[in-house]
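Q: Sequence:
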Amino acid sequence: MSVAALAAAPAAPHPEPQTAAAGVHARGAGLTVRVPLRLVVGAQYPDAALSVYVKIAALALRPEGCTARVTTLATYLGMSKSAVERGLKTLRNPDPVDGLVEVPTVRRTLPGGRGQSAHRITRPLTERELWVRIPVRAAETLTPRLLRLYALLAYSTARRIPVTAAELGEMLRHHTGQRAGETLGERQVRRLVDELETTGWLTVHRREGERGRHAYEPHRHPLHAVPVPAEEAPAEGDVLEGQEPEQLALFGPGAPVINDGSGPDLGDGSLASKEDHLTDRPDETKPVGVSRRRRGDRKWVARPVDNSVPDTFRPSESRAARGNRPASSPTSDRTTNSPGAYSGPELRWTPRIHTALAPVRHELDDVRRFVLRRIAREIAAQLDTGVSPERMAHRIRTRYTAQARADIRDIGSWLLAVGIRHKGCGVPSCEDGRVWPTGEACEICAHQRRVQRATWRQARELEARLQQLRAERAAAAADGDQAQPGARTLPAKATYRQRDAVSDDQIRAVIAARGPEIALHVYGHYRVLPLLAAPQDPQTGGPHAQ
1 MSVAALAAAP AAPHPEPQTA AAGVHARGAG LTVRVPLRLV VGAQYPDAAL
51 SVYVKIAALA LRPEGCTARV TTLATYLGMS KSAVERGLKT LRNPDPVDGL
101 VEVPTVRRTL PGGRGQSAHR ITRPLTEREL WVRIPVRAAE TLTPRLLRLY
151 ALLAYSTARR IPVTAAELGE MLRHHTGQRA GETLGERQVR RLVDELETTG
201 WLTVHRREGE RGRHAYEPHR HPLHAVPVPA EEAPAEGDVL EGQEPEQLAL
251 FGPGAPVIND GSGPDLGDGS LASKEDHLTD RPDETKPVGV SRRRRGDRKW
301 VARPVDNSVP DTFRPSESRA ARGNRPASSP TSDRTTNSPG AYSGPELRWT
351 PRIHTALAPV RHELDDVRRF VLRRIAREIA AQLDTGVSPE RMAHRIRTRY
401 TAQARADIRD IGSWLLAVGI RHKGCGVPSC EDGRVWPTGE ACEICAHQRR
451 VQRATWRQAR ELEARLQQLR AERAAAAADG DQAQPGARTL PAKATYRQRD
501 AVSDDQIRAV IAARGPEIAL HVYGHYRVLP LLAAPQDPQT GGPHAQ
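Quick note on this note's numbering: the sequence shown kicks off at 1 and runs consecutively.
Among the hints, erroneous ones may be present.
With a straight-line Cα cutoff of 20 Å, these simulated SDA-like cross-link-like pairs (lysine to any residue) come out [what the hints assert, rightly or not]: (1) Lys423 to Cys442; (2) Lys493 to Arg473; (3) Lys493 to Arg470; (4) Lys89 to Val101; (5) Lys81 to Ser117; (6) Lys89 to Pro104; (7) Lys493 to Ala471; (8) Lys81 to Gln116; (9) Lys493 to Gly524; (10) Lys423 to Ala380; (11) Lys423 to Glu443; (12) Lys423 to Glu440; (13) Lys89 to Arg123; (14) Lys81 to His175; (15) Lys423 to Gln403; (16) Lys423 to Thr438.
It is worth saying that the hints were derived from the structure and are not from the lab.
As the structure is a computational prediction, the values presented were derived from the model and not from experiment.
Required output: the full structure, derived from the provided sequences and hints.
A: As structure tokens, this is what we get:
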């Protein structure tokens, strides 16, 4: 379901529904603001951006606009400072989809150099732009994800569009973690709807909607009253016209649930002051043969028998080729407490890999073992196809001596990208344009070079004739002369979509009727030059079948 699907049904006046719970006396609706629908359904905006936009839009109704600091906005919304900054970043920067800036921001500085809070306003909505009305109190009490779900349900209710949990999930996405960018599942949306219903901002009428769907009834105010302590109530001069004269508490029994981090603090992180174990589950298993008595009498059973392996059976020293041995042996690496110590298996090369890397063996001392294994696998894959180790060594030696040593900054990367790569026409015996092992010139490579030179020479001639035609046309247009009868004129260029849609036979027809330079002008080099370079069949006039 997209924005077009949400706007498909015509808007209809939707009166405020009746109270769902009997005996509940809710407070006034408070201030509401109009939010662009693109901010609610756009995947490029995180959930926190909607909450921040609602609060800034409410504060921007003042004559001086919104001048609240980020810390003040975080206090109002019950969010962390970093979460508010992430939401502001997407609102004040141009949208990657259509380049709109939802919250134009102007930074201010006093003449003395001391900075002030930024001045923020909201972008005025266009005449035909879709929008949804959201209470400011909802942004202060609901989490960003629940507020986004509330906005979707409020819009669908106002437009009388029946929605399901699966359709709501297509509008809600993961913005962090491994599943960032993916939409929410149906079960996740159902849990969010149940959580929103418990807050009092939504009433769900089970199976009372169209075709057995749930009927959602969003409210302009929570059905469950949330009292505010008298000492935390703001002054009368700080209250906007039409807004409730109290601010929801951040702590205490009336505080909203904050799900930004490990706890309801404003540090956007874990409450722990000490890092936990490196594993997600501590090892609570007991060694075999060791147990403690239930009484704390310090009586222990006997320790297990020492079955450790003697030094005679320790791993032997590395048998890698000379020049490839690491600075420290694998045995000493295992006992080293440094975090970057190597603890993997030893590196042992076969004789054919050792022979193939003979020209650059003195350069492999500083290459990491991971890169050395990749090089060995790439060489072994080519040797399995029939390439001899001597031929691979000759290839590496030729390219290594042809390139200056100062240009090779990383010998491992150079071997993977240049040194061991096969270059030629595709014939197994071709080695950089030479036949192995005789060293004679490869006829197929020479023929391909001749064809390429002829193609580019023909392209330059066609381009010169085309430029001459364009110059003649420009001169005639400047003089006001009309084209002579029978003279070739330049038609309009085809668009990129037309060039992709036209067939090769149609281009050949234009070449035969009006000339190759006209076809080059209309369809471009990418479509015309391959057809001109293809060998022609003298009987049919088309290319030979391959």
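Q: For every hint, state whether the structure bears it out.
A: The hints, checked one at a time:
1. Lys423 to Cys442: At roughly 12 Å apart (the allowed maximum being 20 Å), Cys442 and Lys423 satisfy the hint.
2. Lys493 to Arg473: Roughly 15 Å between the alpha carbons, so the hint for Lys493 and Arg473 holds.
3. Lys493 to Arg470: 13 Å, holds
4. Lys89 to Val101: 10 Å, holds
5. Lys81 to Ser117: 14 Å, holds
6. Lys89 to Pro104: Status holds; Cα separation ~11 Å.
7. Lys493 to Ala471: 16 Å, holds
8. Lys81 to Gln116: Holds - the C-alpha atoms of Gln116 and Lys81 are around 17 Å apart, at most 20 Å.
9. Lys493 to Gly524: 8 Å, holds
10. Lys423 to Ala380: The given pair, whose Cα atoms are some 17 Å apart, holds under the 20 Å limit.
11. Lys423 to Glu443: 15 Å, holds
12. Lys423 to Glu440: 16 Å, holds
13. Lys89 to Arg123: 15 Å, holds
14. Lys81 to His175: Roughly 18 Å separates the two Cα atoms, so the pair holds.
15. Lys423 to Gln403: 16 Å, holds
16. Lys423 to Thr438: It holds: about 17 Å lies between the C-alpha atoms, which stays within 20 Å.
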